[in-house]
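Hey, can you piece these two chains together into the complex? The hints should help.
Quick note, the sequences are listed as chains A and B, same order.
Converting from the first sequence to the working numbering requires adding 190 to each position, the first position being numbered 1.
Converting from the second sequence to the working numbering requires adding 74 to each position, the first position being numbered 1.
Just so you know, these hints were derived from the structure itself, not from any lab.
There may be inaccurate statements among the hints.
Below are the SDA-like pairs computed for lysine to any residue, each with C-alpha atoms no more than 20 Å apart in a straight line [as the list claims (entries may be wrong)]:
hint, chain 1, residue 1, chain 2, residue 2
1, A, K356, A, S385
2, B, K121, A, Q318
3, B, K316, B, T91
4, B, K231, B, R170
5, B, K121, A, P439
6, B, K455, B, A111
Pairwise CB distance ranges (calculated) [claimed, not checked]:
hint, chain 1, residue 1, chain 2, residue 2, range
7, A, R386, B, G311, 42 to 48 Å
8, A, G232, B, R93, 57 to 63 Å
9, A, R214, B, R103, 31 to 37 Å
10, B, K279, A, S315, 55 to 61 Å
11, B, A110, A, S315, 19 to 25 Å
12, B, S102, A, R310, 15 to 21 Å
13, B, A264, A, S315, 44 to 50 Å
Quick partial rundown of chain A residues pointing at chain B, CB under 10 Å, derived from the structure [as the list claims (entries may be wrong)]:
hint, residue
14, F309
15, Q318
16, P326
17, G331
18, T335
19, A337
20, R345
21, I388
22, C389
23, L394
24, D438
25, D563
Even glycine gets a Cβ: it sits at the ideal position worked out from N, Cα and C.
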Amino acid sequence: MRKPYHDVVAAVPVTIPYVRYSTRSAHWWIARALEALLQESGFSKDTIDGFCVSSFTLAPDTAVGLAQQLGVSPRWLDHIPMGGACGLVALRRAARAVQAGDADVVACIAGDTNHIDTFRLNLGSFSQFARDATYPYGAGGPNATFALLTSYYMREYGFSREDFGKLCLAFRENALKFSGALMTRPLTMDEYLGSRVICEPLGLYDCVMPCAGADAFLVLGRERAEDAGIPYARILGTIERTNAFPEDPIQARGGWARDCAELYAMSGLGPDDMDFVQLYDDYPVVVVQQLEDCGFCPKGECRDFVRQHTFEAGGSFPINTSGGQLSVGQAGAAGGYLGLVEAIRQLSGRPHGAAVDDAAAGFVSGFGMVSYDRGLCTSAAILASGSA
Amino acid sequence: MTPPLTRPPKKNPVPRTRRPTVPPSTRSRVALGLTAAAAEGRFALQKCDRCGNVQYPAQEMCRACLSEQVRWATVSQRGHLLSDTTLHHSNELFFRERLPWRLGLVQLDCGPTVIAHVHDDCRSNSAVRVTAKLDRSGQAVMIALPEHDTPHMSDEKRYREFVCDPKFRRVLVTDGKSAVGQALVHALVAAGTSMVFVGVAEPWKRATGFQSVAALPQVQVMPLDVTDTDSLLEVAGEVGSKIDILINSADHNRTSAVLEKRDVNTAHDEIEVNYLGLLRLAQIFGPIMRGRGADGQNSACAWVNLLSIYALTNFPAFGSWAASKAAAYSASQCLRAEMREAGIRVVNVFPGPIEDEWHQLILPPKLTPAALAAAVIGALKDGVEDVFPGAVAQDLIARWRECPKTVERELALER
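The following block holds chain B by itself, in its conformation from the complex (with noise of 0.2 Å):
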C-alpha cells in the first residue's frame, strides 16, 4: 500500500536542478483519439459500428471486419493483470531518471490486451481499473489502478507524474479577490497545499471576504496585476522559482456586445487583462517554470487558465469579452505547446456563466464559484487537460461538438 505523501524537505541550493526531460511523444495520428479522450477525463477505445468489436491499440479499419466504421466510444475499464514486470534499465532518459518503473499487461473485459504503467498498489494476478491519462509529454498512456481506491493512492510516487495534484504543491493565483479567486485559495488549502501566493490588484480596493482568505496560514498576498509587468517581474523576483502550480483567475468583464459601445475603451481593457495579461503572466513566470519541469518532488507542473464556454463561441450578450477570451484561448494552445517540452500541463477551465455580480441578469444555472474551484481542483488531481464545468458549458461543448453553426444562431437568439 502507498504510504501517505510526507512534506518535501526545503530544496538544496546547492545541486544543480535537473532539466526536464519527458517520455517519447511521437503518436500516429489515429492514436491521438486517446489523447482527446484522456484530456478531458474520459477513457474511450475504438469501437467497430458495423461488428461491435473493440480495438486497442488504434487503428484506421476494424481487425475483426475491416470496417471503417471505427468510433472512439467509452467503455468498460475494468481488466485484469495478466503479468506484470519492474524496469530497472531503460533507453529513455525520462525513465531511466525514474527508475525502478513498473509495467503490466491487462486483459481488459471489453476485449483488447494493453500495455499499461502498473499502479504500485494493484496486486499481480488480480482485477484492476485501467485509465487513460496524459503523461508528462502530453499524450495519453495506459495506467492500471487498483480494482477499489486504496488509501492514499493518489500519494504513489510514479502516479503523481501523470497527475499535477496540488497537495504539498506552491501555487500562484494571479487574482484572488474576486469571488472565484477566493474560493479557489479555500479549496487550494484544502487540497493541501503548501503554500498560496494570492495576487491582489489594487490592494487598497477592499473586497468582502478576502480577509479570511489573508488570514489563512498557507497564504502570501502579494500585490500583483496582469497589467503591470513591473508588479509581475516583482513577485517573479521574489517567488518565481516557487511556483508549481500558476493559476491565471485574473478577469475583466464589462458585459457588453460589440454595437452597445461607441468606442473601444472596454474591449481594450478586457483585452489589456484578459489577452495581453495572459502574455505577460506567460513571458515572465513561463520560462521560470519550464526549468523547473522536473525540480524533485514537487517541481513545476501545471498552468491554470480560467477561459470561458463563450471562448469557443461568441456569446453576444458578452461580445467583447467573449472576443478577449477567444483570444486567450488561442494563446493558451501556444502555451501548451511550447510548456510540453517541459512537462508542464497548461489546463484550460471552460465554464458557463458563473454566480457573480457580472452575470446579475443572466438567468440560472450558473456556477457558483466554489463549484468552479471544485471542478480545478478536481481537473489537477485528476491531471485533464479541458474542463468544462457545471451543466451549461457541459450543454454547450456538446452541441458545439455536433454543430458549431447552430449553436453561434442560438446563442444569438438568446441575447
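For reference, chain A alone in the conformation it holds in the complex (with noise of 0.2 Å):
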C-alpha cells in the first residue's frame, strides 16, 4: 500500500496570462510565475528550498542554468520532460519531497515561449522517432496522430464530428469567463463544423493552438500554508506511466487505463466523487479516451455519455472549467499544468472563472510526449479541498 500525502498540499495557483506569440525567451516566462508565487504566497526567495522546472524552450539551459538567472539556491531541484504529463508529476514528485524533508516549500513551474518559428523547428527535433519516422512525412506535429485516432474512434465506437464538437464548445464556453485565455469568443457548432480542415477529421476547433505562457504552484506542508494564512488543495491520490501498453498497434487506451484502480483505491473515491474534471485536451479525442480509462465511462460507451452530458462549469459534468487548451491555449509544457492549476484554484475557493459549486474533490489528468505514434506519459491525481 501506497503512503499517503498527509499534510502535504498544492497552493498558489498562478497562471501568468498566455499570448500568442511571444519575443520573449522561455527564462522570462518562467521568472514571471516565479515573481507572482512569490507575491501571491508572500515568501521570500530564499523560503522556497524546492525547485521544479519543465519546459521545451528552454535549451541550452535546463533548470540548473535557470536557478541561477532567478537568483535562488534550491536544496532540491527537478526537471521533468514529460510534456503534458509534467503538472502531476512535479505535484507527486515534489510532494514526496517535503513529506521526506528533503525540502520545505517547492515552486513547480512551468513556462514556455513561442516564436514565430518555435513550433516548426520543435518538431522536427522533438525525439529521436518523430525525427526518423514522422517528422519526414509532413505533418504538423502531433496533429496526423490525432487525426489517426479520432477516425480511428468515429469507425470502431460510432464517434460523429458533433460528437466531439459538443466537448470543444462547452470548453469555449467556460473559457469565456477566464481572462487568461486567448479564445473569446463563443464557438457556435456550425463555425465547428464548418472549420478549415487541418488533417482530416480533424478540423481547425480541433487543435491546440501554439502559444507563450506559464503555470505554477507551490507545494508545502499543510502546517506551513496555514501558518502562512494560503489557502490550499489536499493530495489524495496521484499516478503516472510512461509507455503503456507499448503492445497495442494503435494507442486506442492510454497508461490510466492501468493504474486508475489504484489512484480511487489510495484516495478513498470513486469517479461518481468527483466534482469536476480536469482532463488533457490537446486534441478532444485524448479526452473521450481519458473519460474512458480514468474509469468516468466503459470503454467503447463514451460516445453516449458525451450525448448524455453536459461539460459546462455548472454541467451535468464539469470538465476542463478554465477552458483547457483547446480554447486558453498551449503554452508548451505549461499545457501540462493547466488543468492542475484551475483544480487547485477551484478547490482552494479562488476560481480565476467559471466557478464550480461547492467542489469538494476533483480529478486532473495529464498526457504527454508523441515521441513516434503515440503518446507516451500518462499521470493523474485527485485533490480534495482544503476545509473537507
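In C-alpha cells:
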C-alpha cells in the first residue's frame, strides 16, 4: 500500500496570461511565474528551497542554469521532460520531497515561449523517432497522430464530428469566463463543423493553438500553509506511467487504464465522487480516451456519455472549467499544468473564471510526449478542498 | 482508382518556375539502414538476432531483449491499414505545395506499426503492402500500396514524387549509337517517354541499327560528344530546359591492363569520355536540371550513370577502363549530393560484362544491351538509386560486401 500524502498540500495556483507569440524567452516566462508565486504567497526567495521546472524552449539551459538566472539556491531541484504529463508528475515528486523533509517549499513551474518559428523547429527535433519516422512525412506535429486516432474512434465506436464538437463548444463556454484564455469568442457548432480542415477528420477547432505562457504552484507542508494563511488543496492520490501498453498497434487506451484503480483506491474516492474533472485536451479524442480510461464511462460507451452530459462549469459533468488548452492555448509544457492549476483554484476556493459550486474533490489528468505514434506519458491525481 | 496519367500540356512560360523544395532529410545514423536498403529497392527492417523481434523505428538495441545484435533483414511487407488521414496543412514547404497528402498507420504482419504515406488506391481499414522508397530528399520513407497492383497505380500524382517514371517525361541519352544506347532508346519509347533526345558523336560514322532508332517519332537526334564542350553547350542551349531525365551512356573502352601499354593514350581517352565527360555533362546540364526540380508535373527528376561493377574493384583484363569508371563513380557520389538539394535522383548502374564487341573475349554470362536497358527503366520506375543488373554484377556485389580484399584477389586470378 502506498503511503498517503498526509500533511502535504498544493497551493498558490498561478497562470501568467498566455500570448500567441512572444518575443521573450522561456526564462522570462518562468521568472514571471516565480515572481507571482512569491507575491501571492508572501514568501521570500530564500523560503523556496525546492525548484521544479518543465519547458520545451529553455535550451540550452535546464533548471540548473535557470536557478542562477533567478537567483535561487534550492536544496532540491528537478527538471521534468514529460510534456503534458509534467504538472502532475511535478506535484507527486515535490510532495514526496516535502514529506521526506528534503525540501520545505517547492516551486513547481512550467513555461514556454513561442516565437514565430518555435513550433516548426521543435517538431523536427522532438525525438529521435519523430525526426526519423514521423516528421519527414509532412504532418504538423501530433495533428496526424490524433487525426488517425480520431478516425479510428469514429469508425470503431460510432463517434460523429458533432460529439467531439460538443466537448470543444463546452470548453469554449468555460473559457469565456477565464481572462487568460486566448479564445475570447463563443464557438458555435456550425463554426466548428465548418472550420478549415487541418488533417481529416480534424478541423481547426480540434487542434490546440501553440502559444507562450507559464503556470505554477507551490507544494508545501499543510501547517506551513496554514501558518502563512495560504488556502490550499489536499492531495489524495497520484499516478504516473510511461510507455504503457507498447504492444497495442494503435493507442486506443492510455496508461490511465492500467493505473486508475490504484489511484481511486489510494484516494478513497471513486469516479462518481468528483465534482469536476480537468482532462488533458490537446485534441478532443484524447478527452474521450481519458473519460474511458479513468473510469468515468466504460470503454466504447463514451459516445453515449458525451451525448448524455453537459460539460460546462455548471453542467452535469464539468470538464476543463478554465477552458482547457483548446480554448486557452497550449503554452508548451504549461499545457501539462493548466488543468492542475485550475483544480487547485477550484478546490482552494479562489476560482479565476467559472466556479464549480461547493467543489470538494476534483480529478486531474495529464498526457504527453508523442515521441513516435502515441503519447508516452500519462499521469493523474485526485485533489480535495482544504476544508473537507 | 487512379485515373491514367494524361500527357501534360505545354509549359506556360509566363509564371515563375517553382523553386525545388524537398521533404525533411535529417535522420539519425541508425535510421539510414532503411535508406540503404531502399536505395537498392529492398524492404528491410531491424531484426534481433537473439530473440527475433522485428522493430521500427530503428534504434541501436533490441526493444524486447536489449541485445545489440540487431540487423537489417528482409521482412514481410504485408500489413493492415489501421487508420488513415489526409493532411490539409503542413509546416513543411514541400508538403504545403503538394496538399492534400494522405498518411496512415499500418500494422505490419511482422510486428511493428509504421506511419506511412498512403497510395490513393489503398482502401481504409484493409490489407496493404508496405514498401520503403527514397523521397525527394533522398531518404527512405514508408509507403503503403494496395495489396494487389491496380491499373495505373504508378500514375498517381504523389507516387510519382517517389519514383522517376519515364512516362510522359523527356530524356537525353548522351550516346545513342552504341548497342546499349540503342537499346535504351527503344526501351524508353516503350516505357511511354514523350521525347528522347539522342546524342550522336562523330555522326559520319554509321552504326548498325541506328536508323531504326532515328526513325522513331519520339526521337530527336542531336550531335553530341562528351569530350567536346561546345557540342554540349549547343545541345543545352537548344533542349537543356526540356530534359527531365539524363542518361549518360557515353563510354570508351579499349580493353587493356596497365602494363599492356607503353603510353597513357588509351587511359587518357577513357578518362576523357568516362570521367571528364561526366564532369562536363554535370557542369553544363546539372544546374539547368537543378533549376527544374519542381517544374510542374514533369519536373527534372533523374540523372543516370552507366558505370560498371568493376568501378568498385578493378578487373585487370579491363584495368585502365575500370580505373576511369572508378573515377566516374566517385564523381557521381559528389553529383548525387549536389543534385539532392533539388530532389533530383542520381542513379548509378553497375553492370558486369556486356554482350558487345568490347567484351568479346569474356566468357558468359554477359548482360545483353536490352537487359541492361530494362534494368535502367526498372530502376527509374521503382525509384532506386543503385542497380546491379545481371548475374555477374549480383554475384560480385554480394562477394564484395562480404570481403573486398577477397574479390580483389579473385578478379586478379580470372585475368
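Evaluation of the provided hints:
1. K356(A) with S385(A): With a Cα-Cα distance of about 14 Å, the restraint between K356(A) and S385(A) holds, given a limit of 20 Å.
2. K121(B) with Q318(A): holds (19 Å)
3. K316(B) with T91(B): Status holds; Cα separation ~13 Å.
4. K231(B) with R170(B): holds (15 Å)
5. K121(B) with P439(A): holds (18 Å)
6. K455(B) with A111(B): The hint holds at about 17 Å.
7. R386(A) with G311(B): 42 to 48 Å: Because 46 Å falls inside the window, the suggested range holds.
8. G232(A) with R93(B): 57 to 63 Å: holds (59 Å)
9. R214(A) with R103(B): 31 to 37 Å: holds (36 Å)
10. K279(B) with S315(A): 55 to 61 Å: Check passed, 58 Å falls within 55 to 61 Å.
11. A110(B) with S315(A): 19 to 25 Å: Taking Cβ atoms as reference, A110(B) and S315(A) lie about 23 Å apart, which means the hint holds.
12. S102(B) with R310(A): 15 to 21 Å: Given about 19 Å between the Cβ atoms, the range holds.
13. A264(B) with S315(A): 44 to 50 Å: At 46 Å between Cβs, range holds.
14. F309: Hint on F309(A): holds, closest Cβ of chain B at ~7 Å, below 10 Å.
15. Q318: holds (5 Å)
16. P326: Holds: closest Cβ of chain B sits about 5 Å from P326(A), inside 10 Å.
17. G331: holds (8 Å)
18. T335: Holds: closest Cβ of chain B sits about 8 Å from T335(A), inside 10 Å.
19. A337: holds (4 Å)
20. R345: It holds, given that the least Cβ distance between R345(A) and chain B is near 7 Å, below 10 Å.
21. I388: holds (5 Å)
22. C389: With a closest approach of 5 Å, the C389(A) hint holds.
23. L394: holds (9 Å)
24. D438: holds (9 Å)
25. D563: This interface hint holds because 6 Å falls under the 10 Å limit.
Hint check: no violations occur; every hint is consistent with the structure.
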